[in-house]
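Work out the full structure, taking the sequences as your base and the hints as a guide.
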Amino acid sequence: GQSLEQPSEVTAVEGAIVQINCTYQTSGFYGLSWYQQHDGGAPTFLSYNALDGLEETGRFSSFLSRSDSYGYLLLQELQMKDSASYFCAVKAAGANNLFFGTGTRLTVIP
Amino acid sequence: ETGVTQSPTHLIKTRGQQVTLRCSSQSGHNTVSWYQQALGQGPQFIFQYYREEENGRGNFPPRFSGLQFPNYSSELNVNALELDDSALYLCASSTAGGRGTDTQYFGPGTRLTVL
Chain X
416 GQSLEQPSEV TAVEGAIVQI NCTYQTSGFY GLSWYQQHDG GAPTFLSYNA LDGLEETGRF
476 SSFLSRSDSY GYLLLQELQM KDSASYFCAV KAAGANNLFF GTGTRLTVIP
Chain G
24 ETGVTQSPTH LIKTRGQQVT LRCSSQSGHN TVSWYQQALG QGPQFIFQYY REEENGRGNF
84 PPRFSGLQFP NYSSELNVNA LELDDSALYL CASSTAGGRG TDTQYFGPGT RLTVL
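Going down the list, the protein sequences come from chains X and G. Heads up: the first sequence is residues 416 to 525, going by the working numbering. Heads up: the second sequence is residues 24 to 138, going by the working numbering.
Note that these hints are calculated values from the structure, not bench results. As the structure is a computational prediction, the values presented were derived from the model and not from experiment. In this text, a Cβ means the ideal position worked out from N, Cα and C, and glycines have one as well. Some hints here could point you the wrong way.
What the hints assert, rightly or not - Derived Cβ-Cβ restraints for the label pairs, each shown as a range:
no.	chain 1	residue 1	chain 2	residue 2	range
1	G	P84	X	S442	25 to 33 angstroms
2	G	L138	X	F460	31 to 39 angstroms
3	G	R134	X	Q494	44 to 52 angstroms
4	X	G430	G	K36	25 to 33 angstroms
Unchecked claim - So these bits of chain G aren't anywhere near chain X, every CB distance computed over 12 angstroms:
no.	residue
5	I69
6	P84
7	P93
8	E98
9	D125
Below is the structure:
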């Protein structure tokens, strides 16, 4: 089976940096994706790591270590609009679908 | 380029009824995946359609069925609705039949409430 574990809630201050972790148990997958979802909205693709290491996209960076079965999403210069739920997701080798993590609700406070 | 659209946005049904949800894929995409998202949880895969054929299915009973049309739009049908079917139903479009690393782009979802 597969599992992707994330902290359920994280709170951070506007302007700060926050890291959302994702630990996984899955045998063979293409890469680790991150999605953002505001309340009542659709998941929006943020970042994808096919290989180990850091991927940077503006204020967002994502990291993957296959040897440690671990990844994270880093959000810098936090803004109030970053308050949302964040999901890590994998596509298992041979599968057609994304398998989503448990989700982390980020609250940004002034 | 238009994004993924879904209709209706909200729907209220009673237990035992049947429902049809619709999804139009993003321009140029030939693959549609459907997910169910219960409150406070991550999306769970229902099934995927690629070039009008079912191309993978999650752990959902047969009363969840679907179609894909020649223009790659798709329908999700749920028969004999149960209270636990109340959720946000998301469709996501992509290319390449879900193979490899193609990114899935989600629609705004249909909020289904079963009373």
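Evaluated hints:
1. G/P84 / X/S442: 25 to 33 angstroms: For X/S442 against G/P84, whose Cβ atoms are near 27 angstroms apart, the range 25 to 33 angstroms holds.
2. G/L138 / X/F460: 31 to 39 angstroms: Check passed, 34 angstroms falls within 31 to 39 angstroms.
3. G/R134 / X/Q494: 44 to 52 angstroms: Violated, since G/R134 and X/Q494 (Cβ atoms, about 27 angstroms apart) do not stay within the stated range.
4. X/G430 / G/K36: 25 to 33 angstroms: violated (45 angstroms)
5. I69: violated (9 angstroms)
6. P84: holds (17 angstroms)
7. P93: holds (20 angstroms)
8. E98: holds (18 angstroms)
9. D125: Given a closest Cβ separation of 9 angstroms, the condition is violated.
In this structure, the hints that do not hold are numbers 3, 4, 5, 9, in rising order.
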